[in-house]
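Build out the structure end to end from the sequences listed, making use of the hints.
Number of protein chains: 4
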Amino acid sequence: MMPDVKGLTEKIKKFRDERDWMQFHGHKEMAISLILEAAEVLEHFQWKSPQEIEEYAKIHKDEIGEEIADVGMYLFELADNLGIDLKEAMEKKLEKNAAKYPIEKAKGKHTKYNKL
Amino acid sequence: MMPDVKGLTEKIKKFRDERDWMQFHGHKEMAISLILEAAEVLEHFQWKSPQEIEEYAKIHKDEIGEEIADVGMYLFELADNLGIDLKEAMEKKLEKNAAKYPIEKAKGKHTKYNKL
Amino acid sequence: MMPDVKGLTEKIKKFRDERDWMQFHGHKEMAISLILEAAEVLEHFQWKSPQEIEEYAKIHKDEIGEEIADVGMYLFELADNLGIDLKEAMEKKLEKNAAKYPIEKAKGKHTKYNKL
Amino acid sequence: MMPDVKGLTEKIKKFRDERDWMQFHGHKEMAISLILEAAEVLEHFQWKSPQEIEEYAKIHKDEIGEEIADVGMYLFELADNLGIDLKEAMEKKLEKNAAKYPIEKAKGKHTKYNKL
Chain Y
1 MMPDVKGLTE KIKKFRDERD WMQFHGHKEM AISLILEAAE VLEHFQWKSP
51 QEIEEYAKIH KDEIGEEIAD VGMYLFELAD NLGIDLKEAM EKKLEKNAAK
101 YPIEKAKGKH TKYNKL
Chain Z
1 MMPDVKGLTE KIKKFRDERD WMQFHGHKEM AISLILEAAE VLEHFQWKSP
51 QEIEEYAKIH KDEIGEEIAD VGMYLFELAD NLGIDLKEAM EKKLEKNAAK
101 YPIEKAKGKH TKYNKL
Chain U
1 MMPDVKGLTE KIKKFRDERD WMQFHGHKEM AISLILEAAE VLEHFQWKSP
51 QEIEEYAKIH KDEIGEEIAD VGMYLFELAD NLGIDLKEAM EKKLEKNAAK
101 YPIEKAKGKH TKYNKL
Chain H
1 MMPDVKGLTE KIKKFRDERD WMQFHGHKEM AISLILEAAE VLEHFQWKSP
51 QEIEEYAKIH KDEIGEEIAD VGMYLFELAD NLGIDLKEAM EKKLEKNAAK
101 YPIEKAKGKH TKYNKL
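Chains as they are written, first to last, in the numbering used here: chain Y, 1 to 116; chain Z, 1 to 116; chain U, 1 to 116; chain H, 1 to 116.
Quick caveat, the hints were computed from the structure, so don't treat them as lab data.
Possibly wrong hints are sitting among the right ones.
The list cannot tell twin chains apart, which means a pair is met if one copy fits it or any two copies do.
BS3-like cross-link-like pairs, simulated, lysine-lysine; straight-line CA separation at most 25 angstroms [said to hold, decoys possible]:
no. : residue 1 : residue 2
1   : 11        : 61
2   : 93        : 105
3   : 92        : 6
4   : 109       : 93
5   : 87        : 14
6   : 100       : 61
7   : 107       : 61
8   : 6         : 96
9   : 48        : 105
10  : 58        : 13
11  : 87        : 13
12  : 92        : 107
So, in structure tokens, the structure goes:
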């Protein structure tokens with residue numbers, strides 16, 4: 001069975017290429033789309049208090065899920081276009097973060113690593 | 001073998017919970033982090049022409065990869081916190097997009113679906 | 001005395017033209033810069049609780065002021081490049097918002113106008 | 001005659017206070033709104049080529065103007081809430097930028113100041 005990041009990326013590329021859309025998918029354009037979809041996700045929570053967000057997130061789960069999916073699709077494709085293995089990059093970053101934020105120092109705090 | 005979206009998400013959650021960071025990871029805060037990391041990706045391409053981007057993306061691939069990874073980590077965790085199956089949501093959205101953008105109508109054009 | 005929106009815009013344009021930077025200031029590029037600077041503003045408040053923000057905003061007022069200024073500079077110039085009178089556009093939008101959010105209906109609520 | 005940044009800010013604050021909206025206008029919430037409106041501006045130019053943008057910007061000037069106005073309103077109010085004099089901050093930043101980007105070094109180039 002094909003790992004799902006690779007499998008999803010292949011489906012996304014097939015969809016793009018069937019429509020001859022690679023001409024519009026330069027890195028800058030993909031990065032623009034990524035931030036615009038991230039804005040669509042954030043917009044769901046604008047103005048709302050933590051309790052309102054709790055309730056809202058349950059009722060509108062599918063709607064928010066579509067925005068989450070959009071971010072995913074631009075992210076997976078941009079990574080692929082840049083020749084970046086997303087899974088590998090995420091694992092490497094988790095390791096780097098573990099060194100920047102050792103548990104004894106970072107536990108229970110949101111302080112940035114250079115101020116720990 | 002655990003599918004990699006689920007596997008990565010488990011690692012991200014373990015990292016978060018070891019540091020007792022869930023208290024900071026409400027949906028709005030995660031969505032804020034998502035858009036800030038997307039901005040970090042886009043910043044790499046600010047001002048640059050298509051040719052400059054071509055070259056730059058090769059030389060700075062690892063650097064950009066870290067930002068791409070950061071977006072991935074916030075996305076995977078936010079989806080999980082919201083109870084959204086990221087893989088499923090992305091496959092559903094691809095189907096929905098296929099209906100919105102039929103190949104015969106959308107091929108070679110970047111027109112929005114409601115103006116096709 | 002020249003009104004200050006116009007006066008600031010003239011200084012911004014002089015600065016740009018002395019450096020022959022108009023070639024890089026197409027609308028898309030300016031809109032990208034606008035969102036990147038807005039991200040710089042938001043980043044100051046990432047992770048922080050309301051009380052932490054109160055304190056932080058006093059201590060780091062000048063730093064945040066620089067980011068606020070950057071947003072202002074891209075906004076004023078983009079408006080000018082688009083042939084938009086910023087002051088007039090803002091006054092028109094305030095009027096439009098007054099109609100969308102009549103006081104009796106909107107007071108004390110953050111509900112979007114189409115759900116009032 | 002009241003300078004227009006101050007005049008517009010007073011109108012924005014009156015509009016907000018008539019509706020008892022200050023309770024929703026903490027710095028983080030305003031910064032979120034700022035970036036969401038900046039995304040609305042950028043969205044107008046998504047996917048479009050330079051020539052398409054030229055045409056589009058003329059036809060849709062009023063529409064884009066509304067988004068530009070929204071960014072302006074959140075910016076002016078956030079500055080005021082933070083106790084920042086927007087005009088002064090922008091003039092200070094222009095001076096700082098003049099030192100970071102001396103004309104002889106920066107003319108015709110989009111290189112970041114620390115790489116000039």
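(message) Within a copy, between copies, both or neither: which one fits residue 92 and residue 6 at a CA-CA cutoff of 25 angstroms?
(response) This pair counts as both: shortest intra-copy Cα distance 18 angstroms, inter-copy 17 angstroms.
(message) For residue 93 and residue 105, with the copy left unspecified, which applies at a CA distance of at most 25 angstroms: within, between, both, or neither?
(response) Intra 19 angstroms, inter 37 angstroms, cutoff 25 angstroms: intra-copy only.
(request) If the cutoff is 25 angstroms on CA atoms, where do residue 11 and residue 61 land: within, between, both or neither? Let me know, please. (result) For residue 11 and residue 61, both the intra-copy (24 angstroms) and inter-copy (24 angstroms) Cα distances are at most 25 angstroms.
(request) Could you figure out if residue 92 and residue 107 sit no more than 25 angstroms apart (CA to CA) within one copy, between two copies, both or neither? (result) Answer is within: at 21 angstroms inside a copy they meet the 25 angstroms cutoff, but 38 angstroms across does not.
(message) As a check of your reading, is residue 87 near residue 14 (CA-CA no more than 25 angstroms) within one copy, between copies, both or neither?
(response) Result: close both inside a copy and across copies, 20 angstroms intra and 16 angstroms inter.
(message) At most 25 angstroms between CA atoms: does that hold for residue 109 and residue 93 within a copy, between copies, both, or neither?
(response) Intra 20 angstroms, inter 33 angstroms, cutoff 25 angstroms: intra-copy only.
(message) With identical chains, the pair residue 58 and residue 13 could be close in the same copy or across copies; at 25 angstroms between alpha carbons, which is it: within, between, both, or neither?
(response) between (32 angstroms within a copy, 21 angstroms between copies)
(message) Cα distance capped at 25 angstroms. Does residue 48 pair with residue 105 within a copy, between copies, both, or neither?
(response) between (32 angstroms within a copy, 18 angstroms between copies)
(request) First find the shortest C-alpha distance between residue 6 and residue 96 inside one copy, then the shortest across copies, and answer within, between, both or neither for a cut-off of 25 angstroms. (result) both (23 angstroms within a copy, 20 angstroms between copies)
(message) Cα distance capped at 25 angstroms. Does residue 100 pair with residue 61 within a copy, between copies, both, or neither?
(response) So residue 100 and residue 61 pass the 25 angstroms test across copies only (21 angstroms; inside, 34 angstroms).
(request) Can you give me the call for residue 107 and residue 61, within, between, both or neither, at a CA distance of at most 25 angstroms? (result) Neither: 30 angstroms inside a copy, 28 angstroms across copies.
(message) When Cα atoms must be at most 25 angstroms apart, do residue 87 and residue 13 count as within-copy, between-copy, both, or neither?
(response) Intra 17 angstroms, inter 15 angstroms, cutoff 25 angstroms: intra and inter.
In this structure, the one hint that does not hold is number 7.
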